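Student: Each chain is listed here by its residues.
Protein chains: 2
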Amino acid sequence: MTSRKLISIDGMGGDNAPGVVIDGLAAFASSHPAFGFILHGDEQRLRPLVEAHAGLPARVEFRHTDKTIAMDEKPSQALRPKGRNSSMWNAVEAVRAHEAVAAVSAGNTGALMAISKLALRTVEGLHRPALVGSWPTRSGVAAVLDLGADITADATQLVEFAIMGVAFARAVHHKPRPSVALLNIGSEDLKGHDAVREAARLLRAADLDLDFRGFVEGADISEGAVDVVVTDGFTGNVALKTAEGVAKMVTDLLREALTSSTRGKLGAAIAMPALRSFRDRLDPRRVNGAVFLGLNGVVVKSHGGADAVGFRHAIEVAADMGESRFSAEISAQLARLKTEELPFPDAPVNEETAK
Amino acid sequence: MTSRKLISIDGMGGDNAPGVVIDGLAAFASSHPAFGFILHGDEQRLRPLVEAHAGLPARVEFRHTDKTIAMDEKPSQALRPKGRNSSMWNAVEAVRAHEAVAAVSAGNTGALMAISKLALRTVEGLHRPALVGSWPTRSGVAAVLDLGADITADATQLVEFAIMGVAFARAVHHKPRPSVALLNIGSEDLKGHDAVREAARLLRAADLDLDFRGFVEGADISEGAVDVVVTDGFTGNVALKTAEGVAKMVTDLLREALTSSTRGKLGAAIAMPALRSFRDRLDPRRVNGAVFLGLNGVVVKSHGGADAVGFRHAIEVAADMGESRFSAEISAQLARLKTEELPFPDAPVNEETAK
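Residue numbers (numbering that gives the first Met the number 0), protein chains in the order written: chain D, 0 to 354; chain V, 0 to 354.
Just so you know, these hints were derived from the structure itself, not from any lab. Note that the coordinates shown come from a computational prediction; the quantities given were computed from them, not determined experimentally. Mixed in with the good hints there might be a few duds.
It does not matter which identical chain is meant; a pair holds if it fits inside one copy or across any two.
Stated by the list, open to error - Below, in silico cross-link-like pairs of lysine to any residue (SDA-like), each with a Cα-Cα straight-line distance of 20 Å or less:
1. LYS264 with ARG46
2. LYS247 with GLY185
3. LYS81 with GLY18
4. LYS66 with PRO80
5. LYS264 with SER276
6. LYS73 with GLY191
7. LYS4 with PRO56
Can you build the whole structure from these sequences, using the hints too?
Tutor: Right under this line is the structure:
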């Protein structure tokens with residue numbers, strides 16, 4: 000197993016753990032023979048689930064712990080002694096110890112973020128990590144960040160988000176040269192916050208290897224106008240949840256309309272292949288797996304309610320990130336940025352948060 | 000005509016003016032006999048369009064001007080001498096002069112906002128106007144503000160937005176006691192900006208006549224969790240445009256799926272009544288008409304691309320606002336708020352913007 004790249008899995012995180020976790024793991028493993036797994040959690044519960052999949056036990060190393068972090072636990076509690084040695088903590092710790100190339104958990108987002116920041120720390124030269132997610136668009140998928148690792152972002156941080164988002168889109172969305180833009184509002188006389196305008200100036204002025212396209216508006220995200228959309232964590236989180244809410248409302252209303260009459264049901268039955276392809280295009284499972292970017296190690300957050308298909312996709316994101324040149328690309332871009340930062344003495348450098 | 004309430008109409012604003020404007024006006028007029036209209040623009044073009052509708056000419060007073068404001072004109076240009084006496088300017092001016100109870104324009108948003116602020120000024124005691132819009136929800140409609148009158152909002156302004164949004168929902172959505180919440184993000188350890196948290200504290204502490212429900216997340220807007228959602232103009236604008244983009248993408252993908260095969264087309268034809276009712280639930284025309292709240296007079300902004308049905312709805316919003324106790328309600332709530340502001344010396348009071 001030593002020749003295999005290992006992925007560290009929180010076996011106990013998520014609404015439907017551990018069953019869904021192991022089913023997703025088995026599905027991923029069967030199509031990715033080059034990977035092995037470190038599985039954290041209650042071995043008595045996990046082992047029989049793993050053994051139900053032929054060939055899987057030989058690729059799984061169990062790390063028993065009976066501690067778990069509840070979905071509603073406060074992040075601060077997760078960092079206390081009782082959170083240490085939990086399945087989530089240990090999953091991240093295996094990345095810190097360089098045993099695994101990436102960790103995946105469907106557990107408590109706030110706790111996972113807090114543990115990841117503490118264990119892995121922010122990459123030297125970056126001010127802050129960011130949470131990036133994949134967003135279904137008309138033409139495929141876009142990366143959007145920050146989705147809520149923090150609530151504000153200054154110009155320098157937005158520039159760093161752009162760099163990280165592009166590296167993510169290359170690694171996970173397999174786009175050779177992702178385009179990137181800053182999320183802004185469209186009204187003529189209001190061209191956004193100072194931070195957004197200054198970030199645009201920096202991205203244009205800096206000698207970065209980026210296809211920077213300026214500003215986009217909210218409607219451009221789904222339109223697929225660019226591959227990477229950059230914003231602060233408050234706006235990004237609101238935009239993501241608003242979009243999820245609208246998509247859910249629209250598809251629910253469609254279902255209600257089609258099932259509320261015999262004619263509707265008949266038409267839907269006949270059009271079922273078309274309706275299925277429509278549903279598949281919007282399937283949130285195929286974009287499951289958000290990543291905490293900017294830490295010294297890869298941590299992927301699966302949706303807590305993901306099923307096996309969704310969890311498998313989150314592991315794929317982890318594998319793609321783990322196999323990518325993500326860290327090297329970030330370092331190279333940051334080195335280019337540093338030389339460009341000098342003319343802008345107002346760019347905040349906070350030693351507290353830079354570590 | 001003196002006994003009729005008058006609505007002031009910019010006959011030349013919008014992508015399809017003046018044809019769509021007059022068709023929308025005629026549709027509104029036929030079902031609202033109590034209203035008359037002041038119509039601003041090129042009388043030679045407008046008069047024959049009005050005369051094509053039986054009974055309408057007697058209810059329309061023409062105010063000729065050959066000046067118009069282009070859709071792509073900068074707001075600052077609209078305020079210069081060349082913008083004065085434009086159809087948009089004159090439409091707002093008739094409200095300032097108390098000739099009309101409200102003005103409606105489908106023209107340039109930034110110009111309309113700039114003209115309205117200059118001509119009508121902010122209500123005494125309010126810090127800032129806000130742009131409010133109607134948002135389709137699962138159960139009906141919600142009011143969301145600010146949609147971009149400004150890009151930031153402090154705690155006091157968010158409280159004022161809550162007061163205005165509730166008065167709007169009562170006047171236009173005909174809800175007797177609208178519930179209101181602040182838009183926030185859901186992550187456990189990040190409970191939003193200081194402004195949002197302080198606004199929540201103020202709304203709980205103040206002796207206001209409000210059904211305040213605390214925080215909602217982006218997904219709760221479409222869910223119809225509350226009747227009024229309050230946020231700053233940057234976040235509100237991004238959320239609105241993101242939602243519009245998602246709704247358009249989803250319905251476009253559905254159309255593509257249903258028209259890409261014979262079976263899909265056949266099924267859709269059979270299910271057409273259901274698909275129509277689905278489409279009607281999401282029809283953006285039935286929520287057309289955003290209002291600049293907090294000015295000494297009612298100005299309604301119709302979507303620039305609205306058709307006659309949409310423009311008619313924007314006039315209905317103007318009529319509802321014009322007939323409502325909106326101003327009296329705002330004044331009463333502000334009076335209650337003033338006495339509550341005293342314990343919070345950090346609440347900003349800016350004499351410059353308060354006028």
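Student: Confirm or reject each hint.
Tutor: Right, here's what the structure says about each hint:
Taking the closest pair of Cα atoms, LYS264 and ARG46 never come within 20 Å of each other, the shortest separation being 44 Å inside a single copy and 50 Å across copies. Proximity of LYS247 and GLY185 under a CA criterion of 20 Å is satisfied inter-copy only: 18 Å between copies versus 26 Å inside one chain copy. Neither within a single protomer nor between protomers do LYS81 and GLY18 lie at most 20 Å apart by alpha-carbon distance, with minima of 24 Å and 70 Å respectively. In the homo-oligomer, the alpha carbons of LYS66 and PRO80 lie at most 20 Å apart inside one protomer (11 Å), although the nearest pairing across protomers, at 73 Å, exceeds that limit.
In this homomeric assembly, LYS264 and SER276 come within 20 Å of each other (Cα to Cα) both inside a single copy, at 17 Å, and across copies, at 14 Å. For the identical chains of this complex, LYS73 and GLY191 are inter-copy neighbours only, at 16 Å across copies versus 34 Å inside a copy, given an alpha-carbon limit of 20 Å. For the identical chains of this complex, LYS4 and PRO56 are intra-copy neighbours only, at 16 Å inside a copy versus 80 Å across copies, given an alpha-carbon limit of 20 Å.
Checked against the numbered hints above, the structure breaks hints 1 and 3 and satisfies the rest.
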